[in-house]
Amino acid sequence: MTSSLHLWLIPLVPFAGFLVNGLLGRRFPKALVTTVALIATLIPFVQVANIALHFSSLTLPYTEQVATWITAGNFHADFAFALDQLTLIMLLVVTGVGFLIHIYSVGYMAEEEGYWRFFAYLNLFMFFMLTLVLAENFLLMFVGWEGVGLASYLLIGFYLTKDSAANAGKKAFVVNRIGDFGFLLAMFLLIAHFGTLSFSEVFNQVAQHPEWQGGFLTAIALFLILGATGKSAQIPLYVWLPDAMEGPTPVSALIHAATMVTAGVYMVVRTHAIFDRSPFALSTIAVIGTATALFAATIGLVQTDIKRVLAYSTVSQLGYMFLACGVAAYSSGIFHLLTHAFFKALLFLSAGSVIHALGGEQDMRVMGGLRKKIPITFWTMTMAVLAICGVFPFAGFFSKDEILYQAFISPNGLGKILWFVGLLTAGLTSFYMFRLWYLTFFGESRAQAAAHDDHGHGHGHGVHESSWVMLTPLVILAILSVIGGWVGVPEAMGGHAEIAHFLSPVTGAAHEAAEGRSMELLLAAVSLSVAAIGWFIAHLMYFMKPELPAQLASKVRGIYLLLLNKYWVDQLYGAVVVAPILLISRYVLKGLFDTGVITGGGMAIGYSAQGLGALVQRVQSGNIRSYAGWLALGAAALLLLTYVGFGTHLLFR
Amino acid sequence: MHLVLFLIFGGLCVAGALNLLLQRHPINSALSLIVVMTSLAVLYLLLGAEFLAAAQVIVYSGAIMVLFTFVIMLLNAGKEERTHGSKAAYIVGFPGAAALLGILTYIFLKQSDHLGSAKLGGYLVTTSDLSRVLFRDLLLPFEVTSVLILVAILGAVALARREH
Amino acid sequence: MVVPIAYYLVLSAILFSIGVAAFLIKRNIISIFMSIELMLNAVNLTFVAFAHQWHQVSGQIFVFFVMVVAAAEAAVGLAIIIAIFRTRNTLDVDHVDLMKL
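Protein chains in written order, with our numbering: chain B, 1 to 653; chain G, 1001 to 1164; chain R, 2001 to 2101.
Hints are computed from structural coordinates only; laboratory data are not their basis.
We put the CB at the ideal spot given by N, CA and C, even for glycine.
Heads up, some of the hints might be wrong.
[Stated by the list, open to error] As a list, the in silico EDC-like pairs of lysine to aspartate or glutamate whose alpha-carbon atoms are at most 20 Å apart:
1) Lys1087(G) / Asp2094(R)
2) Lys1079(G) / Asp2094(R)
3) Lys1079(G) / Glu2073(R)
4) Lys1119(G) / Asp2097(R)
5) Lys1087(G) / Glu2073(R)
[As the list claims (entries may be wrong)] Calculated from the model, a selection of chain R residues having no Cβ within reach of chain B, i.e. all distances over 10 Å:
6) Ile2014
7) Phe2023
8) Leu2024
9) His2055
10) Gln2056
11) Ser2058
12) Phe2062
13) Val2068
14) Val2069
15) Ala2070
16) Ala2071
17) Ala2079
18) Thr2087
19) Thr2090
20) Val2096
Next comes chain B alone, as it looks inside the complex (with noise of 0.2 Å):
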């Protein structure tokens, strides 16, 4: 029997650090909310990695109840965490990239006015998001979907002053909305078909009625797709992440690389089993996140600012994560998870990195020449982008394969057009990737010598690396950008699979193919020269001929036009959704039924109120005559009454 590991500590610390620095920290010294902000995130991560030691200790699932919630006739859901491999590797990388990344912040917001209330709202999220990935239940799960969601918004609307971060955060928030519908709609249709919003009670039932496929079990697993494309930023919802960027660098590192946007891959892969019983809603799984893949590469192509670029990256790869749970390789997906967690943020961070040193010039176009500038800065990220690009043998590479692969033996129809849709973004990611390089670390510099700063960056004391505090996460996520692959390398190549095998009493077992081995290391040995290729071009492109994508860009004038706008999605969007539900809100909805129905009906019912008590109080004249009169008539009618209900039957004779 293991002894309680109170795993309530590991979100509530973190809460508590919101809750100083959030009441308390206006006044604080910069020091001391430094110091709780770190705190608050070192001590869950401590623990995390207690746990994890002693992880093969533990009887599994292991599950720790608080305090009830809900008791409801015969509905039940508490307030109640549950450990088990998901959730650990989950922890894992939350708290620890989270802690490096908290380090990272305090040299980049150093100059902050709401230093303070970053570092809270940081904290904040840090509880959200472990209470989503350790809850033992749908409603608390959910409880830290939203709470990542506000924390989002919080974040992303950091910079107060700034209309385009607000805008920004609504509409993150608002998008996000969108998907939590579908995920209560799907909670709904749990409770209504199991009776119970439990993980272990819902998938124990699923596993007792092997008969159950299709139908009940397809609709919830949609209505769970809706909320994973919300909070993942797949097509249709994917339109709040690359307007996120309005945030802080550290933000867009945690939040919207790491993290938070994994919480719908962590989702599915938490809820499987409704999933491995619905083979409609696996394939509009792998369909939507191929598609997005492939869109949100295509738009990173021709991106310019630096942020952005990563940002469809971000979505891009999280179409992969999703293409391997659509393929029913769920490991893969949190494999992936667990690589791009690394390398996205350490992509982030080093972007941080150099706008710093640019004094807050985020513009690619007028970036360039600064690999001998800061040269921690180019060599960490170098790491990262050899990782995201999929190069042996860095951390992405044999996580980007596992799925490849895993999408080419699906039993799955699509399997093999998914694999190639996946190669060809490998190849635009390889390309887009190398490009931001090129672009923001060689050649000449175009960066004017006083930058204009967005968020009071401007040290105006030239292009500078950054501080060590800065440095050190980088250079850890560096480290664990070339290392982090090697718990997965599969067998084909040598190794053990250690992560699929880790993970394989949550996610089942993965599958093998016939055709075995070779298969994997020629498939590997497919998407290492689709990278190399994708490499070359941005090479000619950015590095041999730097005139060339000028040339490129005005021959298919209509298809860069295109990319550069994304598609017009934005705008597509503006018009189809939010134009006529802003119409219906101001004329139909306000005009309409607020100042007409509502307001109208409270004051007609107040002037008819008032009318009939006017006349009412025409009775009470004081006049004794006019009384009497009423009295006559009221006695004659009583008179009438009793002889008509009295004799009736005298009546009727």
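Based on the hints, put chains G and R in the right spot on chain B.
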């Protein structure tokens, strides 16, 4: 005989009542009311209630109406003007009164077969019969009424006293 | 010759209605009071008539009590009227309307 007497004194009652209604000066109304009271006393006699007839004359016309007359003379109430102070009284009240009359008359006439008839001397209640019931079975209410009268005296004295 | 009880009852109904009409028409408080007395008397007649019909003494007993109460009421009522006259200096019932809203 009975019918003739009834018609005469019944007619007197109605005439007196109408006169009360139609007279302007309250003293005239008071005097008409005395006529009504006295005629009613005769009607009581016809119905065999001799004690009540006597009490009607002594108490009602002899005491109450005299009291009314005293107050009218004390307050020197003059002729009243016939102005219309309350619309409700006319619009609502008259139909009400008319309805009352109509309903009651209708009911009584409808049921006249069941009600039987009054014979002169058909049921004579002597004073001793009345007092036997009053002082034996209803002694308590009788005593309570004396308290009531005491309270009324006190109240009247207190209310009508001149303020100092 | 007999007189149907119904005639007595109709007579009392007529007296009662005239009382109500007088109550509505008259403006002098004392006249209104007198119309109340008229109504009471009409009811008394009804009681006596029924007592005669059903050969019961209780009808006449009731009349006895009605008379007592009417006497008491008349005394107190007239005292009130005197009090009102002292304060308002009018016997016009339309002017005694302080209870108006």
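Holds or violated: are the alpha carbons of Lys1119(G) and Asp2097(R) at most 20 Å from each other?
Roughly 50 Å separates the two Cα atoms, so the pair is violated.
Exclusion check [Val2068(R) not at the chain B interface, CB over 10 Å]:
holds, 24 Å
Would you check whether the claim that Ala2071(R) is not at the interface survives, using Cβ distances to chain B and the 10 Å cut-off?
With a cut-off of 10 Å, Ala2071(R) remains clear of chain B, as the shortest Cβ separation is near 22 Å.
Verify that the Cβ of Leu2024(R) lies farther than 10 Å from every Cβ atom of chain B, and report whether the claim holds or is violated.
Its Cβ does come within 10 Å of chain B, the nearest being 6 Å, so this is violated.
Nearest-CB test (10 Å) between chain B and Val2069(R)
Holds: least Cβ distance 19 Å, greater than 10 Å.
Does the alpha-carbon distance linking Lys1087(G) and Asp2094(R) stay inside the 20 Å limit?
holds, 12 Å
Confirm or reject: His2055(R) is not an interface residue toward chain B, with every Cβ-Cβ distance exceeding 10 Å.
holds, 23 Å
Find the nearest Cβ of chain B to the Cβ of Phe2062(R) and say whether that gap is larger than 10 Å.
At about 19 Å from chain B, Phe2062(R) clears the 10 Å cut-off, so the statement holds.
Per the stated criterion, does the least C-beta distance between Ala2079(R) and chain B lie above 10 Å, as a non-interface residue requires?
At roughly 18 Å from the nearest Cβ of chain B, Ala2079(R) sits farther out than 10 Å, so the non-interface label holds.
Status of Gln2056(R), Cβ more than 10 Å from any chain B Cβ:
holds, 20 Å
Say whether it holds or is violated: Ile2014(R) keeps its Cβ farther than 10 Å from all Cβ of chain B.
holds, 15 Å
Interface exclusion of Thr2087(R) relative to chain B, criterion Cβ beyond 10 Å
Consistent with the label, Thr2087(R) stays out of reach of chain B, its closest Cβ about 15 Å off (over 10 Å).
Of the numbered hints given earlier, the model fails hints 3, 4, 5, 7, 8 and 20; all others are met.
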